[in-house]
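We have chain A already, so just place chain B on it with the hints.
Protein chains: 2
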Amino acid sequence: MHERYLQQAVDLAVENVRSGQGGPYGALIVRDGQVIAASGNRVTQQVDPTAHAEILAIRAACKKLNDFQLTDCILYASCEPCPMCLGAIYWSRITAVYFACSRFDAAAANFDDSFIYDEFSKAPAERSLAMRQLKLNNAQQPFDVWTAQISKVAY
Amino acid sequence: MHERYLQQAVDLAVENVRSGQGGPYGALIVRDGQVIAASGNRVTQQVDPTAHAEILAIRAACKKLNDFQLTDCILYASCEPCPMCLGAIYWSRITAVYFACSRFDAAAANFDDSFIYDEFSKAPAERSLAMRQLKLNNAQQPFDVWTAQISKVAY
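Chains A and B supply the protein sequences, listed in that same order.
Using my numbering, read the first sequence as starting at 1 and increasing by one per residue.
Using my numbering, read the second sequence as starting at 1 and increasing by one per residue.
Be careful, since some hints might not be right.
Since the list gives no way to pick out one identical chain from another, each pair is judged satisfied if it fits inside one copy or across any two copies.
Capping the alpha-carbon separation at 35 Å, the derived lysine-lysine pairs in DSBU-like fashion look like this [to be verified]:
no., residue 1, residue 2
1, K122, K135
2, K152, K135
3, K135, K64
4, K64, K152
5, K63, K135
6, K122, K64
7, K63, K152
These are calculated hints, taken from the structure and not from any lab test.
Pulled out of the complex, with its shape left as it was, chain A reads as follows (with noise of 0.2 Å):
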């Protein structure tokens, strides 16, 4: 059964080349053995980086069932998510991931998943992306005023 939705989400990013649409991936959303969303990926498209079949997926989804979280849900990707898409992933809650291709194959066809991978397990200092924590004053003062906002909606 797994299989069969996996098989859909490769068969997505075959066809997601071919019309030319985008990157050659592709994701399935499933919920109680029915198909909640589907996505190519649409970065070129879209003009957007974040464009991932799997965001795309996952936001598709949760506009569908209104919900912004997809307990209960199963993604089925054609390749090993990305980072961005992991960390999309558990902001989800998505239950479980299956996958085909690996983030090794997708550097073998030049994509950097497998780097992003790479740069994460690195110590800050030592990444191509230099990244600093400068000190303010009231560097707390949003999460100060978000608890005690009494009327807002928690995530």
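For chain B alone, kept in the frame of chain A given last:
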């Protein structure tokens, strides 16, 4: 100078909570001393778990510049970007990131950033999220088609 932009990101985060628009986060993208895009967190308002301040600022900046890469841009974030946003920062080719609070400050306010970072550093089998690679006969086909495709926009 960096402190001044970072202060704007923190002020944006405070205003984002006070106006009821979302969580206590704000982000600014600056190029050549000009603010290209800015956003607060909109997860609950947009019913979208990927609508973090950084993601929305990146998407807005790309739209404004009509480019899916933000080379020469700097991101200022009220808090250390979460793994999803850090991944997006890498894909966008942003050059540098300055932030005020850390993932531990976010954790103290009941946000999962630190938890998700910890998950990334675990072996897949030890994570709270079930992830499994399944073998499909044509798993590599999306990458094969991509590599063979002549008229494609690489990214």
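Quick rundown of the hints versus the structure:
{"no.": "1", "hint": "K122 - K135", "result": "both (23 Å within a copy, 30 Å between copies)"}
{"no.": "2", "hint": "K152 - K135", "result": "within (27 Å within a copy, 45 Å between copies)"}
{"no.": "3", "hint": "K135 - K64", "result": "between (41 Å within a copy, 30 Å between copies)"}
{"no.": "4", "hint": "K64 - K152", "result": "both (23 Å within a copy, 31 Å between copies)"}
{"no.": "5", "hint": "K63 - K135", "result": "between (38 Å within a copy, 31 Å between copies)"}
{"no.": "6", "hint": "K122 - K64", "result": "between (38 Å within a copy, 32 Å between copies)"}
{"no.": "7", "hint": "K63 - K152", "result": "both (20 Å within a copy, 30 Å between copies)"}
Checked against the numbered hints given earlier, this structure breaks none of them.
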